[in-house]
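Chains as they are written, first to last, in our numbering: chain A, 725 to 990; chain B, 725 to 990.
Please keep in mind that the hints were generated in silico from the structure rather than gathered at the bench.
Accuracy of the hints is not assured; some may be wrong.
To be verified - DMTMM-like mimics (lysine to aspartate or glutamate), calculated; alpha carbons at most 25 Å apart, straight line:
hint	chain 1	residue 1	chain 2	residue 2
1	A	K791	B	E754
2	A	K811	B	E862
3	A	K809	B	E745
4	A	K811	A	E862
Said to hold, decoys possible - Listed next, with one range per pair, are the computed distances between beta-carbon atoms:
hint	chain 1	residue 1	chain 2	residue 2	range
5	B	V988	A	L979	47 to 57 Å
6	B	L979	A	S882	33 to 43 Å
7	B	T787	A	D976	53 to 63 Å
8	A	E780	B	L812	51 to 61 Å
9	A	L990	B	P770	15 to 25 Å
10	B	N977	A	T787	55 to 65 Å
Built from N, CA and C at the ideal position, the CB exists for glycine as well.
There are 2 protein chains.
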Amino acid sequence: MDNRPIGFLDSGVGGLTVVRELMRQLPHEEIVYIGDSARTPYGPRPAEQIRQYTWELVRFLLTKNVKMIVFACNTATAVAWEEVKEKLDIPVLGVILPGSSAAIKSTVKGKIGVIGTAMTVQSDIYKQKIHLLAPQMEVTSLACPKFVSIVESNEISSSVAKKIVYDSLAPLVGRVDTLVLGCTHYPLLRPLIQNAMGEKVKLIDSGAECVRDISVLLNYFQINRRRELTDQKGSHRFYTTAGITGFKTIADNWLDQKISVEHVTL
Amino acid sequence: MDNRPIGFLDSGVGGLTVVRELMRQLPHEEIVYIGDSARTPYGPRPAEQIRQYTWELVRFLLTKNVKMIVFACNTATAVAWEEVKEKLDIPVLGVILPGSSAAIKSTVKGKIGVIGTAMTVQSDIYKQKIHLLAPQMEVTSLACPKFVSIVESNEISSSVAKKIVYDSLAPLVGRVDTLVLGCTHYPLLRPLIQNAMGEKVKLIDSGAECVRDISVLLNYFQINRRRELTDQKGSHRFYTTAGITGFKTIADNWLDQKISVEHVTL
Chain A
725 MDNRPIGFLD
735 SGVGGLTVVR
745 ELMRQLPHEE
755 IVYIGDSART
765 PYGPRPAEQI
775 RQYTWELVRF
785 LLTKNVKMIV
795 FACNTATAVA
805 WEEVKEKLDI
815 PVLGVILPGS
825 SAAIKSTVKG
835 KIGVIGTAMT
845 VQSDIYKQKI
855 HLLAPQMEVT
865 SLACPKFVSI
875 VESNEISSSV
885 AKKIVYDSLA
895 PLVGRVDTLV
905 LGCTHYPLLR
915 PLIQNAMGEK
925 VKLIDSGAEC
935 VRDISVLLNY
945 FQINRRRELT
955 DQKGSHRFYT
965 TAGITGFKTI
975 ADNWLDQKIS
985 VEHVTL
Chain B
725 MDNRPIGFLD
735 SGVGGLTVVR
745 ELMRQLPHEE
755 IVYIGDSART
765 PYGPRPAEQI
775 RQYTWELVRF
785 LLTKNVKMIV
795 FACNTATAVA
805 WEEVKEKLDI
815 PVLGVILPGS
825 SAAIKSTVKG
835 KIGVIGTAMT
845 VQSDIYKQKI
855 HLLAPQMEVT
865 SLACPKFVSI
875 VESNEISSSV
885 AKKIVYDSLA
895 PLVGRVDTLV
905 LGCTHYPLLR
915 PLIQNAMGEK
925 VKLIDSGAEC
935 VRDISVLLNY
945 FQINRRRELT
955 DQKGSHRFYT
965 TAGITGFKTI
975 ADNWLDQKIS
985 VEHVTL
């Protein structure tokens, strides 16, 4: 047993989609979350800069005495996950392998689409991971660079958002039976994405898939948090590098509960 | 990637229930299976003997160059899993933690039943693991010492089997909403067990739950087998310490395919 919290990092609010799923599946675990909204989006930045920012987030989480770190960010996973996993002596999880496995399991015709930030798509990491497991899959990747900003500015219900999602996804419509949401911000746009792609396309939420892995690794390394008799809520802590108001509005809404957020300078 | 096979051990044919689920979820992985039917059942034996037998099975699998070992046997998991996991430098999985987690997730009223061999029940390991995670659960354990022999002798369709299952489970009927099949032989008796307990009781197949863990750990340690272009079947190998006919009859039927079995002396 290990009652320390699980640390989550993201370039902004996107990782909250992983947190929401964690709260559903493992409600007794305690969470420390750091979102780098001051420097979001990570997607268009050079790899070396993303690597450096990611290490800053990792080091911040380590000061919070976490027992595991979850890269709740595809871009950071693509750039720095293997390196960080290698260096730390606590488990470090990314979202790309779980998303890849789930897509392979889901696809019927072997035609998988992947959408993500410019860096995630440019790194070609989903295609590589999917092809390592299943070389016969046809993988089409598409960068959707505008999506993160829509989410971070809480514009997901606007008509502009709808148009951007429809226009961006047009090249994939009719070409895939499974679509990986290869950025943890994207599940916040899920209804728009599902509509644009058509009801038959299976959407894979890389973050939600990752929670299954968290659960299994907590078991394997025997570091589950002890559930209390009264099912009391853990005291989750959320940090953002930007102003707290924007973060809190999105988080309260998405997590369906009032959370407390602190500003932090890295 | 790691194209070596996954090793499974069991006191007999029970672990085939885990293998069947693995073939469904991860059809590209290759399997080496050793069933100690000559010395089955393990349940009534002293712990030290079970420990020694389990190590013999582990050492046999290591000669087959496996990348991971699955204790597809609750009794062996209860007695020797932690020790073997500690000693080997490949991942070693048991079936008890996955079964415990699944039961906690499944139960509505917090009343969990566990059935297993005499040793598994005597070790009290399910109750301990469940209580570590969720102290408020009410766990009732019951040894069903006759079930393994029914399965090993392929008598699962006989009227004697039905009577044994009904009589054995009577103390649990109406007292639990979730029942852990804490022995990998028991899913072969699933229809009888479900009937005896009533349709509303959720049965947890500890072996099937374990396959989820196998999948996640293959990803985490990056030791998946590369899927081939032609989806070709791996060349699975099954070994038994008893005669091959009995093992093969049960395996062909349960796995719904003709398998080849070799006799081996440990």
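Outcome of the hint check:
{"no.": "1", "hint": "A:K791 to B:E754", "verdict": "33 Å, violated"}
{"no.": "2", "hint": "A:K811 to B:E862", "verdict": "42 Å, violated"}
{"no.": "3", "hint": "A:K809 to B:E745", "verdict": "30 Å, violated"}
{"no.": "4", "hint": "A:K811 to A:E862", "verdict": "34 Å, violated"}
{"no.": "5", "hint": "B:V988 to A:L979: 47 to 57 Å", "verdict": "55 Å, holds"}
{"no.": "6", "hint": "B:L979 to A:S882: 33 to 43 Å", "verdict": "54 Å, violated"}
{"no.": "7", "hint": "B:T787 to A:D976: 53 to 63 Å", "verdict": "58 Å, holds"}
{"no.": "8", "hint": "A:E780 to B:L812: 51 to 61 Å", "verdict": "37 Å, violated"}
{"no.": "9", "hint": "A:L990 to B:P770: 15 to 25 Å", "verdict": "58 Å, violated"}
{"no.": "10", "hint": "B:N977 to A:T787: 55 to 65 Å", "verdict": "57 Å, holds"}
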